[in-house]
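Asks: Please take these sequences and the hints and turn them into a complete structure.
Taken in order, these protein sequences are the chains called C and X.
Per our numbering, the first sequence starts with residue 340, numbered consecutively.
Per our numbering, the second sequence starts with residue 22, numbered consecutively.
Treat the hints as calculated values from the structure; they're not laboratory data.
Where a beta carbon is used, it is the ideal one built from N, C-alpha and C, also for glycine.
Don't take each hint at face value.
[As the list claims (entries may be wrong)] Chain X side only, calculated, beta carbon under 7 angstroms to chain C, not exhaustive:
#: 1; residue: V57
#: 2; residue: L112
#: 3; residue: I113
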Amino acid sequence: MIKYMWAAYISTWVIHILYLLYLNARAKRIREEAEELNRKS
Amino acid sequence: MKNAFVIFALATLALLSYGLYMALIVAPTEATMGDVQRIFYYHVPSAWAAFLCFAINAVASIWYLAKRGVKADAIALASAEVGVVFCTIVLITGPIWARPVWGIWWTWDARLTSTLVLWLIYVAYLMLRRFSSSGRAPVLAATLAIFGFFDVPFVYLSIRIFRTQHPQPVMGGGENSGLDPTMAHAFLWNLLAFTCYCLLVIWMRYRLQVAEQAVEDAHAERALGERA
Numbered sequence: 340m341i342k343y344m345w346a347a348y349i350s351t352w353v354i355h356i357l358y359l360l361y362l363n364a365r366a367k368r369i370r371e372e373a374e375e376l377n378r379k380s
Numbered sequence: 022m023k024n025a026f027v028i029f030a031l032a033t034l035a036l037l038s039y040g041l042y043m044a045l046i047v048a049p050t051e052a053t054m055g056d057v058q059r060i061f062y063y064h065v066p067s068a069w070a071a072f073l074c075f076a077i078n079a080v081a082s083i084w085y086l087a088k089r090g091v092k093a094d095a096i097a098l099a100s101a102e103v104g105v106v107f108c109t110i111v112l113i114t115g116p117i118w119a120r121p122v123w124g125i126w127w128t129w130d131a132r133l134t135s136t137l138v139l140w141l142i143y144v145a146y147l148m149l150r151r152f153s154s155s156g157r158a159p160v161l162a163a164t165l166a167i168f169g170f171f172d173v174p175f176v177y178l179s180i181r182i183f184r185t186q187h188p189q190p191v192m193g194g195g196e197n198s199g200l201d202p203t204m205a206h207a208f209l210w211n212l213l214a215f216t217c218y219c220l221l222v223i224w225m226r227y228r229l230q231v232a233e234q235a236v237e238d239a240h241a242e243r244a245l246g247e248r249a
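Replies: The structure is reproduced here in structure tokens:
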């Protein structure tokens, strides 16, 4: 029974962490793009 | 603004840690289901967070259709995306809880089916936003979001209206409903923690959307400047 509990808790945090990493990657890309634009102008 | 964000993020992290401690250590083990019932402390607050996101999305969509503001559109998109994340968690933790308790992963009862439909509506919303090349996409998506939101009260009420495999409401469900006070405390701490976390992630996603829009506008301005 307890393995199901751990599966639920772990899957919850895996999804949240993956989403936060995805947001972080997008934010990093945007920052780089903004810097590139600033350099060009 | 940055300081407020950091303070809110730290407070949310503390709340989530305390919520986890309450759910795994302090809350008593349920008599019939055993430890697997502790999924309740994550499953229900995740569902609440998803509903909250979709409510924010509906309000922002109405605001966008009324005023056509970029801010409202960014809030709508951010809340829909975060809502889908929470709804995905509901649809994963639910079957993980159902398997040892009901003996099945899934059944097509009103609560489970309407939750899946809710998830599909907002995935369709995000796909419309992502893949439509039409300039009308935000307007179409806002309209879809307003109609899609009608599924939220249906999901909530489905276990009160229909006979379902899903349990009847534990809190506010009538005479025989209710929780042990320690369980209720653990539940309420997690509800608060998940609400704060959901608002924090919407805030992050909103800031990202605004930054992306600014870069897109700068690209467009640059292209116009080069043409002129």
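Asks: Hints first: check each against the structure and report whether it holds.
Replies: Hint-by-hint comparison with the structure:
no.	hint	in the structure
1	V57	holds, 5 angstroms
2	L112	violated, 11 angstroms
3	I113	holds, 5 angstroms
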